[in-house]
Amino acid sequence: MSFGLLFFVFVLAIFLGVELISKVPSQLHTPLMSGTNAISGITIVGALTATGHSADLLGTILGTAALVFATINVVGGYLVTNRMLAMFKRKDGEKK
Amino acid sequence: MTDYSQTIIDLGYIVASILFILGIKMLGKPERARMGNLVSALGMLVAIVAVLFECCLSYEWVIVGLIIGSLIGIIAARTVQMTAMPQMVAILNGFGGIASLLVGWENFHSQPDSNLFVRVAILLAVLIGGVAFSGSLVAYGKLAGRISGRPILFRGQQLMNAAILAVILICSAFELYQPTGALAYVVFLLVMGLSLALGVAAVISIGGADMPVVIALLNSYSGLAACAAGFIIINNVLIVAGALVGASGIILTGIMCKAMNRSLSNVLFGGLKAGPSSKAAAEVQGEPKPITAEDAYYILEAARSVVIVPGYGMAVAQAQHAVRELGEILENNGAEVRYAIHPVAGRMPGHMNVLLAEANVLYEQLAEMDDVNPIMETVDVCIVIGANDVVNPAAREIESSPIYGMPIINADKARTVLVLKRSMAPGFAGVDNPLFIKENSRMLFGDAKATVQQLVTEFKES
Numbered sequence: 001m002s003f004g005l006l007f008f009v010f011v012l013a014i015f016l017g018v019e020l021i022s023k024v025p026s027q028l029h030t031p032l033m034s035g036t037n038a039i040s041g042i043t044i045v046g047a048l049t050a051t052g053h054s055a056d057l058l059g060t061i062l063g064t065a066a067l068v069f070a071t072i073n074v075v076g077g078y079l080v081t082n083r084m085l086a087m088f089k090r091k092d093g094e095k096k
Numbered sequence: 001m002t003d004y005s006q007t008i009i010d011l012g013y014i015v016a017s018i019l020f021i022l023g024i025k026m027l028g029k030p031e032r033a034r035m036g037n038l039v040s041a042l043g044m045l046v047a048i049v050a051v052l053f054e055c056c057l058s059y060e061w062v063i064v065g066l067i068i069g070s071l072i073g074i075i076a077a078r079t080v081q082m083t084a085m086p087q088m089v090a091i092l093n094g095f096g097g098i099a100s101l102l103v104g105w106e107n108f109h110s111q112p113d114s115n116l117f118v119r120v121a122i123l124l125a126v127l128i129g130g131v132a133f134s135g136s137l138v139a140y141g142k143l144a145g146r147i148s149g150r151p152i153l154f155r156g157q158q159l160m161n162a163a164i165l166a167v168i169l170i171c172s173a174f175e176l177y178q179p180t181g182a183l184a185y186v187v188f189l190l191v192m193g194l195s196l197a198l199g200v201a202a203v204i205s206i207g208g209a210d211m212p213v214v215i216a217l218l219n220s221y222s223g224l225a226a227c228a229a230g231f232i233i234i235n236n237v238l239i240v241a242g243a244l245v246g247a248s249g250i251i252l253t254g255i256m257c258k259a260m261n262r263s264l265s266n267v268l269f270g271g272l273k274a275g276p277s278s279k280a281a282a283e284v285q286g287e288p289k290p291i292t293a294e295d296a297y298y299i300l301e302a303a304r305s306v307v308i309v310p311g312y313g314m315a316v317a318q319a320q321h322a323v324r325e326l327g328e329i330l331e332n333n334g335a336e337v338r339y340a341i342h343p344v345a346g347r348m349p350g351h352m353n354v355l356l357a358e359a360n361v362l363y364e365q366l367a368e369m370d371d372v373n374p375i376m377e378t379v380d381v382c383i384v385i386g387a388n389d390v391v392n393p394a395a396r397e398i399e400s401s402p403i404y405g406m407p408i409i410n411a412d413k414a415r416t417v418l419v420l421k422r423s424m425a426p427g428f429a430g431v432d433n434p435l436f437i438k439e440n441s442r443m444l445f446g447d448a449k450a451t452v453q454q455l456v457t458e459f460k461e462s
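Line by line, the protein sequences are chains D and S. Counting along the first sequence from 1, when you hit position 47 you're at 47 in this note's numbering, and nothing is skipped either side. Counting along the second sequence from 1, when you hit position 146 you're at 146 in this note's numbering, and nothing is skipped either side.
Pulled out of the complex, with its shape left as it was, chain D reads as follows (with noise of 0.2 Å):
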């Protein structure tokens, strides 16, 4: 795949996000964040392919680590925006 077509694609995304989010209600502003924050963690794809690939040592411990703290970031990221979501109510008691 060209450069220009993953930046065409990095371009339309950025523009997407922002339509996406600018009206958030700021209740929401905490779980937003964190779900966000655990999309970031798509990093783990990159974390696995590297440590796939790598072919020695430095490469193999690199990699895991990077998959440690990505996986972290996923797996707590989206139990914690669950945890918090789960708690918001409505009147008539049914969880949203």
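Each hint can be trusted.
Here are the computed distance ranges between Cβ atoms for each label pair: (1) S:Ala162 / D:Leu58: 30 to 38 Å; (2) D:Leu58 / S:Gln365: 49 to 57 Å; (3) S:Glu301 / D:Phe15: 52 to 60 Å.
In case anyone wonders, no lab produced these hints; they're calculated from the structure. These numbers were taken from a predicted model, which means no experiment stands behind them. Cβ atoms here follow ideal geometry from the backbone N, Cα and C, with glycine treated the same way.
Could you slot chain S onto chain D? The hints should help.
Then chain S, alone, in the frame of chain D:
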């Protein structure tokens, strides 16, 4: 690998990207936020499964890494207290940043013959990931109280930061010009070290009250670092997901800055003029009027409409459950109770909403600043619990005040203001608060939780 299986893997990445987009969209709607988080988690799972099909020559370390990371993540998410949520978000964000940095390093180490674009991407992943990591660690330290929340400022600070950035750029240029060899490796490690130093230097000068802005911005950085990692391994799903996070972080940063009536550069580089402004102090004359919990009970007992303004002090005192109990008692007593929440109350965007939700406050009772200000004059009692700068009328009235122009909750316009506070110390901005000496203000000194519990007891015993 056949073309056929590669197509299926690519389809997996597309599905994952779509799930992220839908998930973020749903996260912005109160009714669907929880489902949105699950949808985005599903997207992450799809992306991970897809990459597992193509990433690996061997799986031992992959499995080890996934298991260790998952265990730590699960334990941390289960045990963290809701009041500790700002520092939890900060540290998780830092982990995302360091992961991107390490991905960059590993690729630099293992693929010395990569092309120019990839080398640029590696340097960006290291720079942005490094700043996100060390900056988040400092933010974590400040939020958890491990290091002072006061801004650490010294002469020539901005010059030093600019110098660090300049050296990083020069080293990076060298790196692109001469990508291999021992010297190139040393220079690469220098770029990494300086990026980490830059993150520390940038956040250490920012005060605790400005942390909502900083966390939102660092969140954006960790997304952009993931983007850079996507350019390294040439994978669109990282670029899409990282860009979405980058954009959302920037927007939240903008919202937070607007709520403080300050520009981003002012938050990052300016710092508030430290110390109380003597000029402002001269204009504010009067004595605070302390009262007892019993007196406060009589005021509240007669109130028909009550607005509660929580702030960081409520989080510190862990008073949210006691506050909810007081709110219920007041409602049973016939008063209409609302919670007015300033956008930057607390230490991260939406901090107060999370704490009150934990205490089972219904979200219909939570009002935003712009909804509650117009009706403030009809409110009998406004209870300010551990909030300070966000209710400081100096922002409206005293032009020489450092926080002049910041939108505030007009607590002082209520008929009576009850201020629960530990002492007369100024808030994080270090600005005197004329609210405390206004004619209609009454001070209830003490720990917020203990004071609220006293009020609850007064109601129960009568």
